[in-house]
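Letter by letter, the chains look like this.
Number of protein chains: 2
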Amino acid sequence: MTLALDAAAQDLLFREARSANTFTDEPVTDEQIQAVYDLVKYAPTAFNQSPLRIVLVRSDEGRERLVQHMAEGNRPKTSTAPLVAILAADHEFHEELPRLFPHFPQAKDAFFAERPAREQSASFNAALQVGYFIIGIRAAGLAAGPMTGYDAAGINKEFFPDGDHSVLAVVNIGRPGESAWLERSPRLAYDEVVTTV
Amino acid sequence: MTLALDAAAQDLLFREARSANTFTDEPVTDEQIQAVYDLVKYAPTAFNQSPLRIVLVRSDEGRERLVQHMAEGNRPKTSTAPLVAILAADHEFHEELPRLFPHFPQAKDAFFAERPAREQSASFNAALQVGYFIIGIRAAGLAAGPMTGYDAAGINKEFFPDGDHSVLAVVNIGRPGESAWLERSPRLAYDEVVTTV
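Chains as they are written, first to last, in the UniProt record's numbering: chain F, 1 to 197; chain H, 1 to 197.
If you are wondering where the hints come from, they were derived from the structure by calculation, not from laboratory data. Careful: at least some of the hints might be erroneous.
Pairs involving identical chains hold if they fit within one copy or between any two copies, as the list cannot separate such chains.
Calculated lysine to any residue pairs in the SDA-like style (CA-CA distance at most 20 Å, straight line) [stated by the list, open to error]: (1) 108 with 73; (2) 77 with 103; (3) 77 with 186; (4) 108 with 180; (5) 157 with 62; (6) 77 with 18; (7) 157 with 4; (8) 77 with 8; (9) 108 with 75; (10) 108 with 72; (11) 77 with 2; (12) 108 with 148; (13) 77 with 193; (14) 108 with 74; (15) 77 with 31; (16) 157 with 87; (17) 157 with 22; (18) 77 with 151; (19) 157 with 119; (20) 157 with 71.
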């Protein structure tokens, strides 16, 4: 056994898990999302900056506001998934930094005084957290359907009028429905990805 | 049980896992990294574009070339970790796209003909894969020490002279050593991160 993680967990999170395009109508509860968050919140970000913010779209009105900004090919699944989450980076994450990284409270001013530095850091670290969140959805026994096909400026204006957030992904969440996915596409071989110096 | 993932796996990947700052001298083998890759390669990216590229720094010469570009505070651990990996986004990932996403071979030209679109997509999707890779290191029973404190332009020039790659993180890998971490910093509460519309 080269890996410490048990085989069932490997299958649940990676090998058998797939991005779903259709879903059953079984609801996804707030308790499930809270359990996902309370697990993946521990995964690392630089200075523990934790810039990911999540909007759960539950109302019919919220769903309509979102679907209009999705690419046409993503609209049917975004309209029918039991739950849709908008994942965004908070460019003003530094306000919480003295509390989040008490070992080095100067980090807020030393590294993040300027907005461009904050935007770059928030985009990367929130993207890490999007990855963790997708794994967390799978840890809950649910399927994720992450999408980046949408009018980002439209979603930002619609859901984040403060101008301080930037959408990174929209994720459909639920139990996989009929014909939920195509055959799995091939992955790059190890030697195509990894080199040694 | 709100989560399907067993408690031991939750602890291994998230709750007990920590970013390590010191390491024992136990080697990290190519077989371990291959097992990590062969697990996390299945996690999703847009159009299965899989833009992450990994450079394993094993030689003394490679280590010296890297350490000179690290921020001073990161040099001691980067010098002493059993293995260091440079994680980068490949901005020319689209060349492999017809093979990686056979369901829609037109994606290469329809979405990724222009370099800025490719860079943006590669940066986000490779960042997702950095997150998956960190989880994979933990799945191998190892500790990761991800860092973004370095001269990125220097690393890019040193290790990716083709101009087609952009470093996203440098990760120390090994078994945690003495005083490997500080006390865990607090996380944001669910209600600070998640809103509902």
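Evaluation of the provided hints:
1. 108 with 73: between (41 Å within a copy, 17 Å between copies)
2. 77 with 103: The answer is between: 18 Å across copies meets 20 Å, while 44 Å in one copy does not.
3. 77 with 186: Neither way: residue 77 and residue 186 sit 24 Å apart in one copy and 36 Å across, limit 20 Å.
4. 108 with 180: neither (44 Å within a copy, 24 Å between copies)
5. 157 with 62: Close inside one copy (14 Å), not across copies (46 Å); limit 20 Å.
6. 77 with 18: Classified as within; 15 Å inside a copy, 37 Å across copies.
7. 157 with 4: So residue 157 and residue 4 fail the 20 Å test inside a copy (44 Å) and across (36 Å) alike.
8. 77 with 8: neither (28 Å within a copy, 34 Å between copies)
9. 108 with 75: Answer is neither; intra-copy 40 Å and inter-copy 22 Å both fail.
10. 108 with 72: Only across copies: residue 108 and residue 72 sit 19 Å apart there, 41 Å inside one copy, limit 20 Å.
11. 77 with 2: Neither, since 38 Å and 25 Å both go past 20 Å.
12. 108 with 148: between (30 Å within a copy, 16 Å between copies)
13. 77 with 193: Neither. Shortest intra-copy (32 Å) and inter-copy (25 Å) distances fail the 20 Å Cα cut-off.
14. 108 with 74: between (38 Å within a copy, 19 Å between copies)
15. 77 with 31: This pair counts as neither: shortest intra-copy Cα distance 23 Å, inter-copy 40 Å.
16. 157 with 87: For residue 157 and residue 87, the Cα distance is within 20 Å only inside one copy (14 Å; across copies 33 Å).
17. 157 with 22: Cα proximity of residue 157 and residue 22: none, with 28 Å in one copy and 44 Å across.
18. 77 with 151: Within one copy, since 16 Å is at most 20 Å while 42 Å is not.
19. 157 with 119: within (17 Å within a copy, 24 Å between copies)
20. 157 with 71: within (16 Å within a copy, 37 Å between copies)
Checked against the numbered hints above, the structure violates hints 3, 4, 7, 8, 9, 11, 13, 15, 17; every other hint is satisfied.
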